[in-house]
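Based on the provided sequences and hints, a complete structural model is requested.
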Amino acid sequence: MKAKLFKWLKTYYWFLLSIIIGFAFFNIANHFTIIRNFLFNIDNGMYFQRYVESNSNILQRILLRLGFYWNQVETFIIEINWKIIGKKLLRFMLVDFMNVLNIAINLIVILFLLNRIYLSKVNFEAKTTKSAKLMIKFVLYLVKLKKLWFKTLCILKKNNKKIKISLIIIGFMHGILLSLLLEILLFIFYYIIAAIKLQLHIFILSIIQSGIIFIYIYVPVWMQVIILLVTFFFIAKARANRVLDKNLDSLKVIEKHELAFINIIFGPPGVGKTRLLVNLVLACNENFINRLEELLKEIEIEYPGINYGEVIEDTYRHIKEYPKHYYYFRLLHEKKSNIASAPFGIIDPYADELSVRLDFDYIRPNKFADVVPLEEFKILALSELDKEYNSHYSKKEVGEDGTHLFFGTASHWMKRNGKVYVDYQQPTQVPLNIRGNAESFIRIKDVKMKYPTMLKLYRLPWKLLYKLLYNVIDLYENFQERLGKWTRRTGKKIRKRYDYNFLYGFFRYSIYFVNKVKKYFDKWNYIVFSVNLEDVEGEVIKELTLKINNQDEYWNEQRLYDSTFLSKGYDDKYKASKKKWKDLDSWSSVTPKSKELKEIHSRFINKAFFGFEDVSNTQEENNVKQANTATENEFKELKF
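In short: position in the sequence shown from 1, add 319, done, that's the numbering used here.
Do not take every clue at face value.
What the hints assert, rightly or not - Cross-link-like lysine to aspartate or glutamate pairs, in silico, DMTMM-like; alpha carbons within 25 Å at most:
hint : residue 1 : residue 2
1    : 804       : 793
2    : 575       : 876
3    : 449       : 793
4    : 866       : 568
5    : 861       : 876
6    : 643       : 695
7    : 616       : 632
8    : 575       : 695
9    : 866       : 577
10   : 767       : 564
11   : 769       : 632
12   : 616       : 640
13   : 571       : 605
14   : 866       : 853
15   : 767       : 871
16   : 639       : 629
17   : 643       : 612
18   : 775       : 871
19   : 575       : 564
20   : 571       : 793
Just so you know, these hints were derived from the structure itself, not from any lab.
Since the structure is predicted, the reported quantities are computational estimates derived from the model, not experimental observations.
This is the structure:
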């Protein structure tokens with residue numbers, strides 16, 4: 320018994336501690352006073368209405384002041400004397416502006432002389448001044464305080480349940496909780512009465528007036544400005560989030576209803592073909608997930624008395640009794656990803672894993688269905704297909720049928736719920752046997768970077784401050800001279816000085832923290848693609864606007880794709896065994912490593928970037944060269 324008691328006390332010591340602290344604040348008279356005030360308030364009206372009535376003179380004063388300011392503005396607009404304004408402007412240009420210009424010229428001359436005398440010399444004596452060391456220590460101390468603060472928040476979050484219960488106990492014992500509950504009941508009571516009497520607008524107006532009076536009395540002007548700015552910031556942030564939500568929703572709708580089974584994206588270099596391809600693939604993946612969930616829901620609605628949570632635990636029963644549910648459940652939950660990609664990596668954020676690696680060898684020669692077991696709800700994303708295709712498109716390398724057979728038969732393999740997205744530079748370069756299978760071409764006409772309007776006002780100061788600090792640091796650290804007297808070309812930058820003083824350290828830390836704030840705002844950037852949907856003959860079917868959110872391209876602080884990874888080489892030649900579709904591995908990172916690239920059979924990567932060739936092709940070419948050399952030698956001998 321004692322052991323159980325000690326165990327209980329060890330577990331719920333905080334509960335007893337809360338009761339003890341609550342008894343320290345307990346006063347039975349407070350509770351009776353709160354109940355008495357509640358009965359009084361029921362008869363005398365709601366708190367907000369009584370607050371407005373008791374402070375009606377302050378409300379009148381606020382209205383009079385607002386009216387006075389409005390009259391001042393109105394009078395200024397009506398009685399504008401353009402002659403006086405013109406005289407003042409002319410006087411400023413002739414007198415004040417010239418004085419300012421004179422000071423500026425003198426300052427520039429002084430800075431130029433200081434630059435030539437002191438800062439142009441290279442100083443190799445690296446040193447950190449005492450003031451800079453003190454500043455660095457101070458910043459590190461602030462960083463420690465920040466870590467301690469976040470650690471405290473984590474502890475509070477971990478124990479939030481205990482803290483909430485303890486606060487409720489203490490608040491009830493003190494009487495604050497009882498007072499709050501009775502005020503809420505009073506509010507609900509008068510809200511219902513106002514609704515019945517059709518006086519809800521008066522009720523809400525009294526709440527707004529109470530807030531204005533309270534702010535006018537207790538909140539200073541400088542704090543009112545801060546509250547106003549913070550309020551508008553949250554409004555601007557909410558509007559920006561709504562814009563991004565609409566962007567994603569419209570992209571999903573267009574992908575679902577406007578795009579066909581095989582879609583070829585093309586446009587000039589650097590216009591964002593890969594970027595658009597990745598975002599369309601992810602939108603398609605989300606649509607497929609929604610469709611699979613709808614199918615599962617429809618199946619479960621037909622059997623209301625069955626707990627599918629128990630059915631899923633028994634795989635044999637799941638397959639035997641509910642095969643359709645098992646099939647769609649397996650597609651949704653048990654697959655690594657719905658996306659297969661080549662030659663770059665696309666992450667699947669919904670599965671918390673990376674996409675599978677597609678080997679180009681699967682789409683070269685004719686492969687039977689048992690070798691390429693494609694199924695429903697599979698998405699293929701093929702980037703730089705023109706380079707890959709043209710690097711091997713010949714009967715010698717791919718056989719009589721070639722890559723186009725893959726596109727011609729993929730619709731039968733993938734059935735009705737599958738999509739293929741291809742990145743190709745020019746539609747005229749797409750071989751006709753692939754072009755004929757494509758159902759829509761997406762031509763990128765124009766790309767623009769956009770930002771939500773209201774939030775732009777909050778980002779602008781940080782953006783300008785970052786540019787200013789960057790230019791100041793650049794001016795301080797480096798010096799660049801012209802190569803000659805009569806040339807505009809400049810040489811490499813020379814380091815002016817290597818000492819780390821207080822001012823330089825201040826600029827470095829300032830730009831570091833300003834950049835963090837700027838990056839926070841950059842999350843709301845979005846890109847607008849103006850595209851044309853075209854048919855095989857190049858005729859425009861429809862003009863569309865696709866909006867891509869910048870924040871949707873990142874997952875776990877990594878970009879979802881990297882189209883420039885092909886510049887990273889690997890040492891060994893491709894050696895990989897043939898794998899079935901279900902055995903394909905996943906990418907280990909968004910930017911694939913050289914070891915993983917070895918496992919992708921791609922002649923374009925091997926030849927164009929890394930100089931490696933296929934063994935069989937190299938041997939055949941050597942045999943042909945030897946045969947040609949022998950023939951030439953025989954011909955020379957005969958001619959001689």
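Verification of the supplied hints:
no.: 1; hint: 804 / 793; verdict: holds, 23 Å
no.: 2; hint: 575 / 876; verdict: violated, 28 Å
no.: 3; hint: 449 / 793; verdict: holds, 23 Å
no.: 4; hint: 866 / 568; verdict: holds, 10 Å
no.: 5; hint: 861 / 876; verdict: violated, 36 Å
no.: 6; hint: 643 / 695; verdict: holds, 13 Å
no.: 7; hint: 616 / 632; verdict: holds, 18 Å
no.: 8; hint: 575 / 695; verdict: holds, 15 Å
no.: 9; hint: 866 / 577; verdict: holds, 15 Å
no.: 10; hint: 767 / 564; verdict: holds, 18 Å
no.: 11; hint: 769 / 632; verdict: violated, 49 Å
no.: 12; hint: 616 / 640; verdict: holds, 17 Å
no.: 13; hint: 571 / 605; verdict: holds, 8 Å
no.: 14; hint: 866 / 853; verdict: holds, 19 Å
no.: 15; hint: 767 / 871; verdict: holds, 17 Å
no.: 16; hint: 639 / 629; verdict: holds, 14 Å
no.: 17; hint: 643 / 612; verdict: holds, 13 Å
no.: 18; hint: 775 / 871; verdict: holds, 19 Å
no.: 19; hint: 575 / 564; verdict: holds, 17 Å
no.: 20; hint: 571 / 793; verdict: violated, 44 Å
When the structure is compared with the earlier hints, violations turn up for hints 2, 5, 11 and 20 and for no others.
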